[in-house]
Amino acid sequence: MSTTMSTQSQAAQTLAWNMKLVAQHELSGFGGMGEGTNMQKTKDGRRIFWMAHESAPKNFTGVDVTDPHNPKMVVQTDLPHGDVRSNSLDVVGDLMAVAYQTKKWGLKPAGFDLFDISTPEKPRLIAHFDASGPSSRGAHCVWFVDGEYVHMSCGAPDFTPTHEKDDQFYRIIDVRNPSKPTEVGRWWYPGTRKGDAEPPPPRHPKFDGGYRPHNTNVYPGRPNRAYVAYIDGGAWILDISDKAHPKAVGHLQYSPPYNGFTHTVMPLLSRDLLIVSDECVKDNGIDWPKLTWVVDARNESNLVPIATLPLPPVETFSKRGGRFGSHNLHENYPGPCAWRSDTIVLGTFFNGGVRAFDTSNPYQPKEVAYFVPGAPKMSRAGAIQLNDVFVDDRGLVFTVDRFAGGLYILEMSL
Amino acid sequence: MLGTLTARDPLAGRIPVSVVTGFLGSGKTTLINRLLKRPDMNRVAVIVNELGEVGIDNDLVEVSSEQMMLLNNGCLCCVLRGDLEETMRDLFIKRRNGEIIDFDRVVIETTGLADPAPVMQTLMTDTMLEDQYRLDCVVTLVDAVNGLGQIATLPEPVKQAALADRLVITKSDLADAAKLEELEAKLRELNPPAPIRRALNGEIELAFLVDVGLRNVKGKLEDIARWLGADERESERGDHDEPAHGHRHDTAITSFCLRFERPFSWAVFTQCMDVLTALRGPDLLRVKGLVNVESRAGPMVVQGVQHLFHPPVELAAWPSEDRSSRIVFITRGIGRSEVANLFAAIGAVQGQAKG
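As they're listed, the protein sequences go chains A and B.
Letter 412 of the first sequence, counting from 1, is numbered 412 in the numbering used here, and no numbers are missing.
Letter 62 of the second sequence, counting from 1, is numbered 62 in the numbering used here, and no numbers are missing.
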């Protein structure tokens, strides 16, 4: 009989409250998934869950989740070489946009692909939007929800950054003719492009993550606004009523003193709130605190943080292995397959798993559910590293591991 | 599953808590000891007064510390530390941190002299606990040999029996059939809706101690009937206005169900309850009800212990065609007609005010 309550390595243990595992799919051993996930309802009534991979060799994978207890992989594709990653994708109807970001400037493919996925088993390439260039790595993240415009964080052949880490910016691409994607607008953080009148912004003193966008969300419920998370540049609201000339109308900068890497700005439109998540990018709590903020956005030009989502203690979780802290949110995607809530917010927190919060009282958000899978087999972090989450209209939670665990399907009881 | 629901269900997702109470010598420790070893106790956390008293064989213990032991059936047994709120908060924090098992049910052993009302009130009204826990069930043990005598002479066992959702007669092998029947009759008189079970040597299945409380706002008819107690009770023997035999009128336990066909305005209903609790809070042992409130889609669920009430919860829909308000009262010396008259009077005055 041992004298402590812990008999096994903590990271091996699954932790759950109000979420139950329905199924896990390791995706044929390529279970390291990125942060692009979305669901397609096919014409023949199936639900296909699409995921971009975290890194090469795989590009994207589609899994039939019509029966969530019995997910079936229908397709898994390869990247052309090892110096590119897809990481991000989005789906509208039978159209899918997939991002490509290269490891170095000048490489290809850099930009995004548009696929016809009406036959999910055989995605058919419609067009490639080439954003490669002497100082471009292509696209890190795409947002595509209306079937008309791709909003993305991407470089461009004509964009020379003032600092090598600031090589991506906000671009709006018209894909109404899917075979001929065309840029219609762009915006970048003042001072990040060579030739700007403004001086380059100051580097983050401890963790220089760069001044470039991560998520660039635009909702059909408020089509004249882009909610742009600008990594070390904080959260931005852009007026895009004239797509050719996006105009900054709101900005929240809290780093420093915080540690930068603003990742997602998600509006809760009916409540004039923003949920702003950071991304933890260092292992073992080095860049803690990486938080998810509740922001009062009643006055766009004066964004006021009023709370953060309550996370479990860093003292415990920073020792479980890998990263611990905020990252992706379920972004209330438009479309027939997504669950949407302006009070319940779900996010992934790497080794903190997937967690749900009730923000009915925005000053005191409450945790209402969590699922932390035990360390997946072969995970190089030695712990789960949940990377992204999507909740479907059935209330099922789809969440993916960054390194090895693949897809976890959960049932939530709230 | 959530379906189209996009806000939190105020009942679902809370960890259910069963409270085991009973007078000194009623066999709580024996029952808990037996319960801990059952296979169905996997993922149950049991809060006891003293670990030493539980007396679990070492070979059943997976790991242990001064405060806790994890048994090899997956049951976590931990000692009450400080007050109950502190212990339960601490348990949830440890659960969240992965320091203990992911328990999904809690059983609390109260001390023999304890009045269960404060424990119930804590679980129903503590705003820190109510995010994670909900009161599911109160189980009272009554000793077959000494129970009748205790009920006749002491206030605590009476209250314990009256507040229970489930009654367990222990040591039934030590009492003759006539005595057992007399005790059962007495318990039915004190608490007509609570099912009664006899247990030998503390042997009782977990299922009898759990799943009374409503689990979500989409409660089915049988869930609601089980929670509210027997249905159509006003016509049954439990509907007493007369004091229970052998007691002075003012201390007698009474149980009745009031039924109202017309919907309430929420203001009238809360005023009735406010006046009742202000005047007779300590004697209002337990109140459970479904209330039809004007312009609400589903019934409001109300429950209280003495002067404290759980925040009201609206169910998604009525579970059946019956839309009448049904409120079960277990009181000490407050008769059915007195409560009914109060409701009628306030309703009439308010009705006039509305003009």
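If you are wondering where the hints come from, they were derived from the structure by calculation, not from laboratory data.
Since the structure is predicted, the reported quantities are computational estimates derived from the model, not experimental observations.
The reader is advised that the hints may include incorrect statements.
[As the list claims (entries may be wrong)] Computed far set for chain A versus chain B, every beta-carbon distance over 10 Å:
(1) N18
(2) S135
(3) H251
(4) I286
(5) P313
(6) T343
(7) I344
(8) D358
(9) K366
[Claimed, not checked] FRET-style restraints, in silico, Cβ to Cβ:
(10) B:E50 x A:R298: 50 to 58 Å
(11) A:D67 x B:N201: 40 to 48 Å
(12) B:E182 x A:D67: 51 to 59 Å
(13) B:P311 x A:P310: 19 to 27 Å
[To be verified] Taking lysine-lysine pairs in the PhoX-like style, the calculated list, with each CA pair at most 25 Å apart, reads:
(14) B:K179 x A:K20
(15) A:K319 x A:K247
(16) A:K165 x A:K72
(17) B:K218 x A:K243
(18) A:K104 x A:K41
(19) A:K180 x A:K122
(20) B:K179 x A:K366
(21) A:K319 x B:K218
(22) A:K319 x A:K243
(23) A:K282 x A:K165
(24) A:K243 x A:K194
(25) B:K186 x A:K20
(26) A:K377 x A:K282
(27) A:K104 x A:K319
(28) A:K41 x A:K72
(29) A:K103 x A:K243
(30) B:K94 x A:K366
(31) A:K103 x A:K165
Note that CB positions come from ideal geometry on N, CA and C, so glycine has one too.
Now for the hints, and whether the structure bears them out:
Distance check for N18 of chain A against chain B: the nearest CB is about 4 Å away, which does not clear 10 Å, and the non-interface claim fails. Non-interface call for S135 of chain A relative to chain B: holds, since the shortest CB-CB distance, roughly 43 Å, exceeds 10 Å. Every beta carbon of chain B lies more than 10 Å from that of H251 of chain A, the smallest distance being close to 30 Å; the non-interface claim holds. Under the 10 Å C-beta cut-off, the non-interface status given to I286 of chain A relative to chain B holds; the minimum distance is some 20 Å.
With a closest Cβ-Cβ approach of about 6 Å to chain B, P313 of chain A is found to fall inside the 10 Å limit, against its non-interface label. A Cβ of chain B approaches the Cβ of T343 of chain A within 10 Å, the least distance being about 5 Å, so the stated non-interface status is violated. At roughly 6 Å from the closest C-beta of chain B, the C-beta of I344 of chain A falls inside 10 Å, breaking its exclusion from the interface. At roughly 5 Å, the least C-beta separation between D358 of chain A and chain B is not larger than 10 Å, which violates its mark as non-interface.
Listed as outside the interface, K366 of chain A is inconsistent with that label: its C-beta sits roughly 5 Å from the nearest C-beta of chain B, within the 10 Å cut-off. Taking the beta carbon of each, E50 of chain B and R298 of chain A are about 55 Å apart, inside 50 to 58 Å as hinted. Evaluation of the 40 to 48 Å hint for D67 of chain A and N201 of chain B yields a pass: the beta carbon distance comes to about 47 Å. Judged by the Cβ atoms, the range 51 to 59 Å given for E182 of chain B and D67 of chain A holds: they are separated by roughly 57 Å.
Taken as a hint, the range 19 to 27 Å holds for the pair P311 of chain B and P310 of chain A, whose Cβ atoms sit roughly 21 Å apart. Taken as a hint, the K179 of chain B and K20 of chain A pair is broken in the structure, with Cα atoms around 48 Å apart against an allowance of 25 Å. The straight-line distance between the Cα atoms of K319 of chain A and K247 of chain A is roughly 43 Å, outside the 25 Å bound, and the hint therefore fails. Among the hinted pairs, K165 of chain A with K72 of chain A is inconsistent with the structure: their alpha-carbon atoms are about 39 Å apart, more than 25 Å.
Distance check on the hinted pair: K218 of chain B and K243 of chain A sit about 46 Å apart at the alpha-carbon level, beyond 25 Å; violated. A distance of roughly 36 Å separates the Cα atoms of K104 of chain A and K41 of chain A; the hinted pair therefore is violated under the 25 Å criterion. Between K180 of chain A and K122 of chain A the alpha-carbon distance is near 21 Å, which keeps this suggested pair within the 25 Å criterion. Restraint check for K179 of chain B and K366 of chain A: not satisfied, since their Cα atoms lie roughly 52 Å apart, outside the 25 Å limit.
Taking the CA atoms of K319 of chain A and K218 of chain B, the gap is near 41 Å; set against the 25 Å cutoff, the hint is violated. Simply put, K319 of chain A and K243 of chain A have alpha-carbon atoms about 46 Å apart, too far for the 25 Å limit, and the pair is violated. Proximity of K282 of chain A to K165 of chain A is assessed by CA-CA distance (about 17 Å); at most 25 Å being required, the pair is judged to hold. Simply put, K243 of chain A and K194 of chain A have alpha-carbon atoms about 22 Å apart, close enough for the 25 Å limit, and the pair holds.
For a cut-off of 25 Å, the pair hint linking K186 of chain B to K20 of chain A is broken: about 44 Å separates their Cα positions. A threshold of 25 Å between alpha carbons decides the hint, and for K377 of chain A with K282 of chain A the separation of about 21 Å falls inside it, so the pair holds. For the hint pairing K104 of chain A with K319 of chain A, the CA-to-CA distance comes to about 33 Å; that exceeds 25 Å, so the pair is violated. A threshold of 25 Å between alpha carbons decides the hint, and for K41 of chain A with K72 of chain A the separation of about 15 Å falls inside it, so the pair holds.
Distance check on the hinted pair: K103 of chain A and K243 of chain A sit about 30 Å apart at the alpha-carbon level, beyond 25 Å; violated. This hinted pair checks out: K94 of chain B and K366 of chain A have alpha carbons roughly 17 Å apart, not beyond 25 Å. Distance check on the hinted pair: K103 of chain A and K165 of chain A sit about 12 Å apart at the alpha-carbon level, within 25 Å; holds.
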